[in-house]
Structures are given as structure tokens and as C-alpha cells.
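J.: Chain residues, written in single-letter form:
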Amino acid sequence: MARSDRARLSPAALRMTALLLLIALYTAYSAGPFVWVAMMSLRTTTEIAASPYGLPWPAHPEKFAAAWFDSNYDTYFANSVGIVLAAVAILTVVGAMAAHAFARYRFRFKGLIYFVIFSTIIFPPQVTVIGLFQTMVEFGLYNSRVGLVLVYVAIQLPITIYILEAFFARIPRDLFEAARIDGYGEWAIFWRISMPVALPAISTTVILNTILLWNEFLYAVVLITDDDKRTLPLGVLRFLGDQLEDVGMIATGLMIAIVPVVLIYVFFSERLIQGMTAGAVK
Amino acid sequence: MARSDRARLSPAALRMTALLLLIALYTAYSAGPFVWVAMMSLRTTTEIAASPYGLPWPAHPEKFAAAWFDSNYDTYFANSVGIVLAAVAILTVVGAMAAHAFARYRFRFKGLIYFVIFSTIIFPPQVTVIGLFQTMVEFGLYNSRVGLVLVYVAIQLPITIYILEAFFARIPRDLFEAARIDGYGEWAIFWRISMPVALPAISTTVILNTILLWNEFLYAVVLITDDDKRTLPLGVLRFLGDQLEDVGMIATGLMIAIVPVVLIYVFFSERLIQGMTAGAVK
Amino acid sequence: MAVVKLEDVGKLYGGVRAVRDVNITVEDGEFMVLLGPSGCGKSTTLRMIAGLETISEGELTIDGRRMNEVPARDRDIAMVFQSYALYPHMSVRDNLGFGLKRRQKDRALVARRVAEVAEAIGLTPYLDRKPHALSGGQRQRVALGRAIVRDPKVFLFDEPLSNLDAALRVSTRAELVRLHRELGATMIYVTHDQVEAMTMGDRVCIMDHGEVAQIGTPMEVYLNPANTFVAAFLGNPPMNLMPATAAEGALRTGTGQAPIAGLSPGRRVTLGVRPEDLAVTDDPARALVSGRVTQVEALGAETLIHVATGDEKPVILRSGRAAQARLDETLHLAADPAALRLFDIETGRAISREM
Amino acid sequence: MAVVKLEDVGKLYGGVRAVRDVNITVEDGEFMVLLGPSGCGKSTTLRMIAGLETISEGELTIDGRRMNEVPARDRDIAMVFQSYALYPHMSVRDNLGFGLKRRQKDRALVARRVAEVAEAIGLTPYLDRKPHALSGGQRQRVALGRAIVRDPKVFLFDEPLSNLDAALRVSTRAELVRLHRELGATMIYVTHDQVEAMTMGDRVCIMDHGEVAQIGTPMEVYLNPANTFVAAFLGNPPMNLMPATAAEGALRTGTGQAPIAGLSPGRRVTLGVRPEDLAVTDDPARALVSGRVTQVEALGAETLIHVATGDEKPVILRSGRAAQARLDETLHLAADPAALRLFDIETGRAISREM
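Chains as they are written, first to last, in the working numbering: chain Y, 2 to 283; chain S, 2 to 283; chain G, 47 to 401; chain L, 47 to 401.
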């Protein structure tokens with residue numbers, strides 16, 4: 002019975018099998034490096050040198066403690082958390098306000114303003130960095146965490162506004178008008194109608210910005226020099242320089258930087274995808 | 002008459018003026034570094050040293066010729082054009098097909114596949130680069146233009162699919178069904194209905210990908226070593242190293258890299274914004 | 047309660063006049079229906095009353111107080127939207143109380159009032175549900191409840207029934223009439239559906255191209271339309287309109303005549319007659335029009351017979367279920383002269399008849 | 047031309063039966079209307095005939111050839127969509143020719159045929175326009191033209207008039223009837239509008255919850271509904287339905303009776319009577335029902351009087367314009383026994399009457 006079933010495997014089932022195989026390959030290809038680094042993070046460099054692709058057995062979790070305390074990772078971690086949280090909070094509120102205004106109000110030069118905000122994406126980071134460096138130095142924000150937060154807000158704001166605006170524009174105008182007739186002003190409408198209704202899109206931007214800024218290092222390299230103000234990606238870079246020969250320790254450092262992102266993604270990915278596809282599903 | 006008008010300047014007009022001033026400031030802040038680099042690109046380092054913010058008079062357009070011929074910019078430019086064009090073409094076709102499939106067909110594991118494609122964004126570039134380097138070396142694609150094209154396709158594909166899927170999903174199902182009844186197969190429907198109808202969104206992704214990849218240098222640094230395979234951003238980097246003291250020449254090199262992007266943006270920005278806001282305007 | 051008065055009200059959109067010279071007085075406790083085809087300006091007029099659109103010209107007063115510059119939230123009006131506009135993130139309870147909370151700080155009072163209204167319109171079992179978990183009819187009811195809760199001076203309705211299915215529409219119509227009777231409130235109701243207008247309105251204001259075409263009770267506007275627009279808009283099928291020429295003591299259509307005197311001979315007019323006022327006659331001499339049957343529509347309860355008379359449009363006769371007519375048969379149609387209406391052929395305005 | 051036959055056709059969506067046991071034979075050249083409320087399965091049935099949905103159960107044949115596995119493009123059918131589904135990036139000319147080009151490689155022939163059809167339906171002046179530059183009526187016409195151009199075996203229509211305004215809907219209805227007469231083609235037409243069904247269909251198939259409730263000519267289904275669903279769905283207002291109990295030689299309602307014999311005494315049935323078959327009588331003894339007037343709806347051409355009889359729903363009397371009734375007045379309503387319909391109180395099925 003089972004055999005004859007297999008013999009009569011339909012073309013649809015065959016295609017499905019092929020597809021699954023493809024997905025498995027793609028996943029292995031994408032996740033492979035991650036798993037490899039993860040394994041190395043639990044092994045010593047000597048072990049790795051003996052067998053680069055070996056399993057982490059015996060494991061050396063104490064390497065994490067070493068990286069954390071001996072290599073300033075506690076400071077980097079705290080800096081990253083503080084800077085990313087502040088930047089994401091400002092981005093969310095300012096981005097939502099801008100999106101609300103673009104989606105709801107007719108005003109003169111609306112197209113122009115939208116255009117100007119988006120025009121910033123044409124400048125290659127190399128050029129932006131020059132200008133930002135100059136600006137930061139002049140305003141006394143160079144080598145300061147506040148300055149980095151502001152830069153992060155500036156570079157992520159256009160895409161944040163873009164994602165939110167698309168969602169805000171789909172909130173029916175009637176809702177706002179009903180709230181106006183119910184006696185609420187523009188400010189109250191923003192906080193009590195727009196924000197809660199747009200929650201799926203807002204979650205998306207929060208997660209997206211958190212992941213992107215957590216990993217950001219180009220601007221941080223240029224704008225931060227003091228070791229005690231460095232974020233995690235800078236810590237990893239320094240690590241790469243300091244411990245050039247110690248592959249195992251480098252892997253441990255990388256894992257400390259990556260694990261929070263993976264956790265965020267694992268817990269919130271459904272919400273992220275949901276918000277991103279909200280347009281499609283309607 | 003005119004005077005009394007001015008005296009009675011309404012609060013709305015005042016607010017508008019304030020807004021315009023703000024936009025002007027923002028524009029100056031955004032465009033300032035660009036204008037400064039543009040001016041320096043036409044001046045010699047001696048002139049710049051004498052007055053860093055001076056006007057480019059007399060101008061030295063011959064500096065561009067010098068950069069172009071003496072510093073291999075012709076090769077870099079050709080490499081950039083070839084690599085970006087190839088990557089964008091593949092991205093557009095593959096991205097549109099994927100978006101078409103996600104938007105139109107119901108199939109098993111659709112959510113999972115979407116998830117897997119998007120999951121790639123969680124890995125910081127530092128990690129991805131390690132994996133890619135390894136992969137490229139193993140497949141003999143390291144230090145090859147084809148390899149760089151494939152990497153570019155891989156990193157830009159998720160966002161391309163995302164933008165296109167949102168648009169494709171808004172194409173009414175009836176259109177496809179009418180085409181089916183009119184006698185067309187799935188392949189013909191994709192090319193003759195989906196692609197032309199989605200043209201605004203496709204233009205957006207083409208422009209966006211062109212700009213982003215034209216400016217990309219992180220992956221290029223890691224994956225390309227031969228000078229004759231370098232793209233423009235790498236050329237600029239080398240330039241920075243070679244001509245560390247020659248600020249004027251560095252500016253010239255930067256301008257050669259930036260000008261094409263600015264031109265693309267000037268000519269196509271309306272279409273870009275239009276495609277990006279298509280969701281909002283409906 | 048309140049008197050709503052619009053004087054010479056107009057609305058300009060970037061130089062284009064969407065609404066002009068609207069003069070309407072809605073009496074205290076009256077149910078006024080604004081009726082017209084889409085784009086006639088009825089919704090814009092309602093939105094100007096609500097304060098959702100600025101008033102470009104003229105004056106709006108409620109109880110004698112000028113409202114032009116008063117923001118929507120201070121006009122003490124409530125509005126039921128076509129889409130219902132329920133807040134999707136709030137429960138039914140919070141939807142009902144949202145407007146009240148803004149005005150009434152005492153939460154216990156708000157809760158009591160919400161419970162009271164929910165009970166009255168049968169929403170009590172659904173108070174903790176979110177709008178997406180309600181049926182279309184229940185959502186409509188929440189929208190209605192949200193308006194009632196606030197006990198406003200004026201209720202505004204913007205096609206509130208158009209998203210309901212036919213059966214629910216009929217029952218909700220009756221319920222709104224009852225509600226109006228109970229509350230005795232001033233209500234202004236926008237619709238494009240003439241059945242709603244005829245059955246619900248104390249008076250109907252028919253609008254056309256941004257102007258008021260006629261205001262009157264439902265039967266007034268039905269029986270004595272002020273112009274050909276109203277005549278052709280009301281009724282399903284609408285009034286038959288045909289050109290006619292005055293002669294000595296009679297009005298001649300192309301294929302018959304009517305004994306109507308008083309018009310100067312030779313004057314051309316538009317003659318109107320409702321399909322239900324026509325009857326088949328055997329006597330060609332008595333016929334108002336004659337012609338060939340081109341279509342017979344048996345609708346079940348009644349039959350519509352289309353008769354081609356040579357004019358642009360066929361004349362339609364509304365008849366009972368039993369009516370029989372063969373295609374291409376010639377019919378003579380007569381009507382009581384009192385049922386005929388005359389309109390100026392140029393302006394379309396009704397001509398008053400002294401006979 | 048073609049005979050379309052559905053035998054025991056059903057549709058399952060993930061285990062849920064959306065359509066079941068559909069048996070319809072559409073004769074060659076027949077205009078068949080599928081009528082029903084939204085969600086009754088009429089559109090799904092049409093889409094199965096079109097090949098846009100797979101057929102889960104049963105068999106579809108066109109001219110005797112099994113079609114279940116034939117893809118949409120090889121069924122030689124044309125379909126007019128509710129949204130019209132015009133290709134927005136193509137001119138009217140290309141929209142009309144798109145389907146033909148696939149089958150006919152000779153471009154000159156395609157162009158000639160497109161020009162011919164465009165001329166016939168008055169689209170010649172618009173051939174080079176894009177759909178977005180057309181009015182709603184013109185778009186509908188392009189959608190129609192696109193179907194005609196291909197000269198298919200079967201035309202399928204999915205609520206093609208629902209996006210038109212009332213006036214255009216009436217004229218397009220007449221045009222579709224004329225088109226059907228001229229082409230003599232088999233047409234299957236889905237609608238939820240009973241007026242369209244009554245006026246256009248040679249036969250009407252009424253569907254309810256995925257099943258066929260009744261198939262017949264418009265007057266058959268109107269006069270002799272097969273069950274209470276059809277009775278309550280057709281007519282505006284629909285048939286009055288009330289419980290009644292058989293007695294010796296008579297059928298008793300709560301407030302009156304009818305001289306109907308033949309039922310075993312004591313049997314409870316549902317009694318149906320159309321609003322236009324009721325009349326006011328002075329003699330309480332002759333009354334079918336009696337009750338208090340709760341609502342008088344003057345619709346212009348006719349008046350609907352709601353009479354509360356103590357049953358769940360009021361009985362509605364349809365009367366002429368002149369009818370007068372005061373609220374709360376008591377009315378006695380009588381009907382010709384021949385106009386009464388009986389239904390089983392449990393199953394809702396019509397009970398045939400031998401009297």
C-alpha cells in the first residue's frame with residue numbers, strides 16, 4: 002500500500018519535495034556561517050586549528066565570561082542598549098508624527114518636503130560621513146553618545162517615515178473625523194487613534210530599526226573614539242584587531258553581539274512579517 | 002495696499018514662512034557637504050589649504066581628466082556600470098517573479114518561505130561577510146565580478162521582493178483571471194500583465210537598487226582584490242589611501258563617483274517618489 | 047433641541063463651486079433628508095454642517111448662533127458615517143463612551159449612560175467585543191449608539207444604511223424612524239436612495255449639481271416636482287417626460303393629445319406623467335400617446351410596459367401583475383388630465399396650471 | 047452555441063462545502079440567471095464554469111464534453127467581471143483584441159473584428175484611450191466588447207451592472223437583453239438583484255447556502271416559490287409568511303382564516319401571501335388577518351401598510367398611491383384563496399394544494 006503510493010507519487014508532490022529541498026539548501030546556506038561561528042564561540046583556538054568544523058565538545062562557556070569582563074563587553078553592551086533604545090524611541094515618535102502629517106493633512110509643498118526627506122538616500126555613506134563628521138565636531142557632538150543617537154535618527158528616519166506613511170494612509174479618514182466630532186483635538190487624535198491603530202506598522206519599524214542600528218558600525222567607527230563610549234559592533238572590531246590570531250575568541254565576541262538580535266527576531270519575527278505584509282493582506 | 006497686506010500677515014502665512022525656512026535649513030544641512038565637496042573638486046589642494054570654503058574660481062576641470070586617466074577611474078567606472086547593471090537586471094526579474102508568486106498564488110509554506118527570505122536581514126554584515134567570503138572562495142567566485150554581482154543580488158533581494166510584493170498584491174485578481182480566460186498562460190500573464198501594471202513599483206526598485214549598489218563598498222572591499230576589478234567606491238578608497246595629503250584630488254575622485262547617482266536621482270526622482278507613495282495615493 | 051439654518055451657503059474647492067446658494071432651515075425636531083445623485087453636493091453640505099469642511103460662503107447657524115468658525119467638536123452634533131468609523135482598537139463599550147469621556151469627567155456617569163444606551167439598542171451582550179468581531183448590522187448599531195450616547199443637539203447621518211443588506215436596511219429604516227419619534231431630535235440624513243427619503247423624511251431636500259432643486263414633504267416632491275430634474279430623479283421608473291405643443295384647448299404630443307387649455311397656442315412644453323397614472327385605452331381619440339410595445343418587464347408584483355412613441359425615450363406604463371402585452375403590439379395610453387405635469391422646455395421649471 | 051450542464055457539482059474549501067449538489071442545465075441560447083444573497087455560492091458556481099475554480103465534486107460538461115480538467119483558456123468561454131478587469135496599461139483597442147490575438151495570428155483579421163465590435167457597441171471614438179480615461183459606463187461597455195469580440199460558446203457575467211448608477215443600469219439591462227436576442231448565445235448571469243433576474247432571465251436559478259433552491263421562469267419562481275427562502279427572497283417587500291393551523295375546511299391564522307381544505311386538521315403550516323394580493327375588507331369574518339397599523343410607507347407610486355397581527359413580523363399590504371391608513375387604526379385584510387401559498391412549517395417546502 003505504502004509502496005504503491007510512493008510509486009504513484011504525483012507531479013505536485015514531486016514539485017513540493019523539490020521546493021522543500023531548495024528551501025532546506027537555502028536555509029543551510031544562510032544559516033551555515035552563523036552556526037559555524039556559534040560552534041567556534043564555544044571552542045578554543047587550539048581546538049579550532051585542529052579541526053575547523055568540529056563540534057563544540059567539550060564546550061567552553063567560560064569564554065563568554067572572559068570576553069564579557071576582560072574585553073570591556075559589559076560597557077559596549079550597555080552603550081549599545083542605551084544608544085539603540087534612545088534612537089529607536091525618537092525615531093518611532095518623530096517618524097509616526099511625520100507619517101501622520103503626510104498621510105492626513107493636505108498642505109503646501111507636501112510633495113517637496115517628502116522629496117527632500119527622501120533625497121538624503123542618494124548620498125553615499127562615504128560622503129555623508131564627511132559632512133556628519135564636520136557637523137558633529139562643530140556642535141560638540143563628536144565622540145559623544147548623544148551625537149551618535151542623533152546620527153542614527155537621521156539615517157533611519159526616511160525609511161521609517163516611508164513604512165509608517167504607507168500604513169497611516171490606509172487608516173480611513175472617517176476614523177479621524179469621528180474622533181473630531183467626538184470632541185478630540187489633533188494631538189489627542191494622534192495619540193489615541195493613529196498610534197494604536199498603526200501598531201502593527203509601528204512594531205515593524207521598531208524591530209527593523211533595532212536590528213539595523215544594533216548592527217551598525219560605519220558611522221560609529223567614524224564618530225566614536227573613546228573606548229568607553231563604543232557600541233558592540235565597535236567592540237567586535239577592536240577585538241578583531243587585538244586578537245587577530247585568536248579565532249575562537251573572535252567568534253565568542255561575535256556571538257555576544259549577534260545573540261540579542263537573534264532573540265529579538267525569534268520573538269518578534271511574526272509581528273515583523275505581519276506588519277510588513279499588512280499592505281498585501283489588507 | 003501691499004503694505005497693509007503685509008501688516009495683516011495671517012498666522013497661517015507666518016507658519017508657512019517658518020516651515021519654508023525650516024525646509025531651507027534642512028536642505029542646506031543635507032546638501033551642504035555635497036556642495037562643499039563639489040567645489041573642492043574643482044580646486045587644487047593649495048587653493049583649498051589657503052581658503053577651505055572658497056569658490057572654485059579659477060576652476061580646474063582638468064583635475065577630472067587627471068583622476069579619470071591617471072588613477073584608473075575609467076576601469077573602475079566601467080566595472081561599476083557593468084556590475085550594477087547586471088545585478089539590478091537580475092534583481093528586477095527575479096524579484097518581480099518572486100513578488101508575483103507571493104502575491105498571486107496560494108501555496109504551502111508560503112509564510113515560511115517569506116520568513117526565511119526575510120530572516121537574512123538579521124545577520125550583521127560583519128557575519129555575512131565571513132560566510133560570503135568562505136562561500137565565494139569555495140565556488141571560485143572570490144575576486145571575480147560575477148561573484149560580486151551574485152552577492153549584490155543576494156543582499157538586495159529581500160527588500161526588492163518586499164517593495165514589489167506590496168505593489169503586486171494590490172493588482173486586482175480579476176485582471177489575471179481575465180487574462181486566463183483570454184487564453185494566456187501563467188508565464189504570459191507575468192510578462193504581459195504583472196510587469197507592465199507594476200511598472201511604477203519596478204522603476205522604484207530599479208532606481209533604489211542602482212543607487213544603493215553604486216555606493217556599496219563593504220562587500221566589494223572584502224571580495225575584490227585585483228585593481229582592475231575594483232568598482233568606483235573602492236577606487237575612491239584607494240585614492241584616499243594613495244593621495245592622503247591631496248584633499249583636492251580626493252574631492253575630484255568623490256565627485257566622479259557621486260555625479261552619476263545625482264543624475265539618476267534628478268531624472269528619476271519623481272518616478273521614485275511616485276512608486277514609493279503609490280500605496281498611499283492608491 | 048435645535049434649529050439648523052443654512053443661508054446662501056456655498057463651498058469652493060480651488061475655485062470650483064461644488065455647492066452654491068444653499069438655503070435650508072431644518073426645524074427643531076425635524077427629520078430632513080438630503081437626497082440626490084452622487085456628486086450633487088449633499089455630502090459636502092452635511093460635512094459643512096458637521097464642521098468637517100470649512101464653509102466658503104454664506105452662514106450656518108444652530109439655534110441662531112453662527113457656527114461657521116466653531117470647530118466640529120464644539121458644535122454639539124453627532125454623526126453616523128457611512129463606513130461607521132468605529133475605532134478598531136477599542137471595545138464596543140469604549141467606542142460608545144469615547145465622545146462622552148471628553149466632556150464628562152465622572153467615569154461612573156459615563157459608564158451608566160453607556161450601559162443605558164447599549165440596553166436600549168440591544169448591544170449589551172457585545173459591550174466587550176472589538177468591532178471586527180461584530181456583524182455589519184451590529185456595527186451599524188454601535189455607530190448609532192455612539193451618536194445617541196452623547197445626546198447631541200443635532201444628529202447627522204451620511205448614508206448610514208448603504209453597507210447593510212436589503213432586509214436589514216428595511217428594518218433599520220423603521221428603527222431610525224422610531225428613534226426619531228422617541229428622541230424628538232433634529233436629524234439631517236443624507237442618502238441617494240429615494241425609498242429611504244420617501245419613507246423616513248419629514249421633508250426632503252433634493253439637490254442637483256450643488257444646488258437645492260426642491261424642498262418639500264415626500265409626497266409634495268413626488269407629486270409636484272419643481273423641475274424636470276426632480277421629476278426624472280424620483281420614482282422607479284421615473285416620470286415619463288415628453289415634448290408637447292399647445293394648441294386650442296389641447297396639448298398635443300406626437301401621437302395623441304390631452305385636454306389642457308390655458309397655454310398660448312404653439313408654445314412647446316415638456317409634459318410629464320407618472321408611469322402609474324397611465325392606463326391602456328381602446329379609444330385612440332382619448333390617447334395621450336400611442337405606440338409600439340418594445341419591452342415588457344414582469345417584475346412579479348407589477349409589470350412595466352415600454353411603448354415607443356417616436357420621442358427620444360419610450361413611455362413607460364406601470365401596471366399590475368396581470369397586465370399582458372405582446373411585443374410590437376400597438377397600445378394607446380390615456381391619463382387623467384389632473385395627473386399631467388407641465389415644465390418649461392428650456393428651463394425645465396414646472397409651469398403652474400390654471401384650468 | 048452550447049449547452050452547459052452541471053451534474054451534482056460541489057465545491058470544498060478546506061473541508062467546508064461552499065457549494066453542493068448543483069444540477070443545472072443551461073440550454074443552447076438560453077439566458078440563465080443565478081440569483082441569491084451574497085455568500086450563497088452563485089459566484090463560486092460561475093467561477094467553476096469559467097475554470098477559475100477547480101470543481102471538487104460532480105461534472106461540468108459543455109456540449110457534452112467534460113470540462114472539469116480543461117483549463118479556463120481552452121473552454122471557449124468569455125466572462126464579464128464585476129470590476130470589468132480592463133487591462134489598465136492597454137488602450138481600448140488592445141483590451142478588445144488581447145484575447146483574440148492569442149487565438150488568431152492574422153493581425154488584420156483581429157483589427158477588423160475589433161473595429162466591427164467597437165462600431166456595434168459604440169466604442170469607435172474611444173479605441174485609443176486607456177481605461178482610466180473612460181467613464182464607468184464606457185468601461186462596462188469595453189468589458190462587454192471584450193467578451194463579444196471572441197465570439198465564445200458561452201458568456202458568463204458576474205454582477206456586471208453593480209458598479210453602474212441606477213439610470214445606466216436600467217439602460218444597460220435593456221441592451222444586454224437585446225444583445226442576447228441578437229447573438230442567440232448561451233449566457234449565464236450572476237446577480238443578487240432580483241429586478242435584473244426578473245427582467246433579463248429566460249430562467250432563474252435561485253441559490254441559498256450553496257444549494258439550488260429553485261429553477262424556473264421568473265414568474266414561476268415569483269408566483270410559486272418552492273420554499274420559504276425563495277418566498278422571502280423575492281419581492282420587495284417579500285411574501286408575507288405567517289404560521290397557520292388547519293381546521294375543518296379552513297386554515298386559521300391568529301386573527302382570521304381562509305377557506306382552504308385538504309389539510310389534516312391540527313396540522314401547522316406556514317402561510318404565504320404576497321403584499322399585492324392583500325386587500326382591506328370591512329367584513330372581519332372574511333379577514334385572513336386583522337391588526338393594528340404600525341407603519342405607513344408612502345413610496346410615491348404605491349403605499350406599504352404594516353399591520354401588526356401578533357405574529358413575529360407585521361403583515362405588509364401593498365396598495366396604490368391613494369391608499370390612506372392612520373397609525374394604530376385596526377385593519378382587516380383579505381386575500382383571494384388562490385393567491386395563498388402553503389409551506390411545511392419544519393422544512394419550509396411548498397405544499398401542493400389540491401382543492
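Check before you lean on any hint, since a few could be wrong.
To be verified - Pairs of lysine to any residue, SDA-like flavour, derived with a Cα cap of 25 Å:
1) L:51 x L:151
2) L:176 x S:76
3) G:359 x L:347
4) Y:111 x S:204
5) S:111 x Y:269
6) G:151 x Y:111
7) S:111 x Y:209
8) L:359 x G:212
9) L:147 x S:158
10) G:359 x G:305
11) L:176 x L:140
12) Y:111 x S:141
13) G:151 x Y:192
14) L:199 x L:92
15) G:199 x Y:189
16) G:176 x G:137
17) L:199 x S:174
18) L:199 x L:293
19) L:147 x S:191
20) L:359 x G:182
21) L:151 x L:140
22) L:151 x S:196
23) G:359 x G:315
24) G:199 x G:249
25) G:199 x G:225
26) L:199 x L:108
27) G:147 x Y:248
28) G:199 x G:93
29) G:176 x G:136
30) G:359 x G:282
31) G:51 x G:212
32) S:111 x Y:186
33) L:147 x L:101
34) L:359 x G:210
35) L:151 x S:170
36) Y:64 x Y:248
37) S:230 x S:76
38) G:176 x Y:186
39) L:176 x S:174
40) S:111 x Y:204
I should point out that these hints are in silico values taken from the structure, not numbers from a laboratory.
J.: Of the numbered hints stated previously, which ones are contradicted by the structure, given in increasing order?
T.: Violated: hints 1, 2, 6, 9, 12, 18, 27, 31, 32, 33 and 35.
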